[in-house]
Amino acid sequence: MGASMPIDPLPVFHRVAVTAVGVISPIGVDTAENATGLKDARDAVSSVTAFDVSKCRSKTAGQIRADWQFPMAKAGWHRASHFMAAAMTEAHAADPGFAPELAVIGTTSGGMSFGESFYRSQAAHTNARERASWLANYMPQKAVLDALGACEWSAPMQIIANACASGTNAIGHAFHLVRAGIHQRVICGGYDAISELVFVGFDSLQAATPDKVRPFDAQRTGLVLGEGAAALLLENWDSAEERGAPIVAEITGYGVATDNFHLTQPNPTGIGPRLAMERALDDAQCEPDTIDYINAHGTATTFNDATEGAAISQLFGERAPVSSTKSMMGHSLGAAGAIEAVFSILALRDQFLPPNINYVTPDPSWTLNIVAKEAREAKVRAVMSNSFGFGGTNASLIVQAA
Amino acid sequence: MKASIAGLGWITPLGADLAQVKAALEAGHVAETRPVQNPETGTIHLCRAVPPKLVESLGRNPRLRRSSPISYFAVAAAIAALADAGCASLSPEQAARTAVVFGVSNGGVIYTRRFYEQIMKQGANAASPLLFPETVYNAPASHLAAALGIDGASYTLVGDNSVGISALHLGTQLLALGNCDRVVVVGCEEIDWIVCEAFHEWRLAATPLAEGGSAIVLEKRGPLAVETRAGISFSSRREAADAFRHAVGDWTSELIVSGANETFVDRVERCALSADTRWLYPKRQLGEAPGASALWQTILAALNVRANTTPDALVPVVGFNQQASCARVTCASHRHLRTSNPSTGVSESQDD
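Chains as they are written, first to last, in the working numbering: chain A, 1 to 402; chain B, 1001 to 1352.
Okay, chain A solo, but in the shape it has when bound (with noise of 0.2 Å):
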């Protein structure tokens, strides 16, 4: 045995609060925006403009709106910049009185297209006058800097970047830091904005579809990129309530897995998956028949759905409604988990199933109550979201009513 040298005593668990939320993506700018278009089952993806798309399979994306920029932005922003700071504004103003002591927010690729260009000015050796400009706004950290400076905020940074998972990472580390009472308030969510190397990247290995997006149907042919940020504010339950704070949801359970079967691929049989949502029910301490809907991952591509669709059937069956919003507004990478849980307490909140739209055909694979199509009423108490992503990162998490 080593010698004592004790950590800190194993934490009493506590309550977590969600106190606000702010939400930028493809579907809107704001949480009524979103709220509004996940109910009227919006179609927001579009064809891309900001790069030559002519040489690629898929050609279409889940984009903020052109015309959109953030108000308070300063000169040389990233736009990735201007989305984390209306997300975390919004979540701002909702909650005046938050105070951050810690910011965890996921991303998988912060400025990537300042790091194209100063890539092109280099190997041109233009010596464009930006490149000081673009460098300084490339880094992830930059867009969390920016926006906590934009809410008058300081506060130490994790920023997370396990891929496609990122921003259920970034929300379930932070959810579990306030229960063991290592912190009291952390904002949590994560970013992500479109570039040509990531949307050449999934093109390459042929995620991309150059049709509908059509996640857990039979005639799914993969992906759509998508953008975007979340921001969620969350809080000891008694805090929270003390300083008359409003309780918007109650994070309950976090679970993760790391699938070491490919680089790319998950491993066929769905462990991962399945181990990440078995973890969090445990961590919530409930049953799979506790949940009333699950906002899946549910990317479109072949092996993601047949992996998690798989997952979903062997735990919760037929019973709990399923819908991937990711067929709306795309897959925004290391924004995705932190938008989908957002979207996971708008149903909470509003009592209804986000859709999963462009579905069609089931597939024969597994049974799965898919909200087809359009958005329905339901009676909501708790929700499993769910975010895999490359490298085998897979986390869930569970989001119940205040």
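FYI, nobody ran anything at the bench for these hints, they're computed from the structure. Take these hints with a grain of salt, some might be off.
[Claimed, not checked] Calculated cross-link-like contacts (lysine-lysine; reagent style DSBU-like; alpha-carbon spacing at most 35 Å):
{"hint": "1", "chain 1": "B", "residue 1": "K1121", "chain 2": "B", "residue 2": "K1053"}
{"hint": "2", "chain 1": "B", "residue 1": "K1121", "chain 2": "A", "residue 2": "K59"}
{"hint": "3", "chain 1": "B", "residue 1": "K1053", "chain 2": "A", "residue 2": "K55"}
{"hint": "4", "chain 1": "A", "residue 1": "K59", "chain 2": "A", "residue 2": "K74"}
{"hint": "5", "chain 1": "A", "residue 1": "K212", "chain 2": "A", "residue 2": "K379"}
{"hint": "6", "chain 1": "A", "residue 1": "K55", "chain 2": "A", "residue 2": "K212"}
{"hint": "7", "chain 1": "B", "residue 1": "K1121", "chain 2": "A", "residue 2": "K74"}
{"hint": "8", "chain 1": "A", "residue 1": "K212", "chain 2": "B", "residue 2": "K1121"}
{"hint": "9", "chain 1": "A", "residue 1": "K212", "chain 2": "A", "residue 2": "K373"}
{"hint": "10", "chain 1": "A", "residue 1": "K74", "chain 2": "A", "residue 2": "K373"}
{"hint": "11", "chain 1": "A", "residue 1": "K373", "chain 2": "A", "residue 2": "K55"}
{"hint": "12", "chain 1": "A", "residue 1": "K39", "chain 2": "A", "residue 2": "K379"}
Given the coordinates of chain A, assemble chain B onto it according to the supplied hints.
Frame of chain A; chain B shown alone:
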């Protein structure tokens, strides 16, 4: 937040053996530089590279066959640290209670630049699907988890050159949360001409850039303690000094393992920390590897405490555009340290 250091491992431009690299640093050896050229313009940059023989045995690992050097550094450093911790291979039960935290700044930049170069020169339809997955920040952590058989928590953190301390802090949080018994904290970086030109543009390249990896195994019990603070963010270099003073707080130490790299960082450290203390400057000899350097500093601090040359050591880290952080290494068991070999810094006895 506090945890115990159970094992140390590094892959540096001066070697990979803990005692030998420490001795080389004490003897004033400086790692050789290697030219890295922008083929488009012919511009040459000098960097401190890892000798290829240090990681060549990993080439037989099928997961690493097509991967970038950064993944090799991650796996090699982690294996070395686990061996130093006395668990060269994890049993399935140990792996189930082990987490990975990987810190990085620039990431898999070689494949990222090559992939985008293909898009620009040959067109999007010619871009290689073999390159793209390795451009993702968490690709090295994925290879590492696979190599160690870890199926639980794995977190990749990105940031400036304070990210190593952030990774230690996250590792300590994971231990405190009680979901694991051991965390392998790894920090790595690789070199490409595009990064050299970025750091040159940023006036951060006075100290040559370096590549390599570092790993620290954290456990709940062990002979050395490491304490971290979450870091203080700043949005301009003018704010860095205040942020750093807050990060250090009331911590003092008999040894400072500096992050000085011949930039504004040197001035910030000098203003906040005592000049009367003994200082070490590893970046002067190893170079600046943003994702790895803070953990190299921490490892050097731990080796000195382990060798009983100091009761504690401070690791100041001022990031280039994100946050200032600090770690402090102390001995948890003087009885243990008295039986360590002071010439190598490697512990010879086991403790109570």
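- Message: Could you work out which of the previously given hints the structure breaks and list their numbers from low to high?
- Response: Going through the list in order, the structure violates hints 3 and 10 and respects the others.
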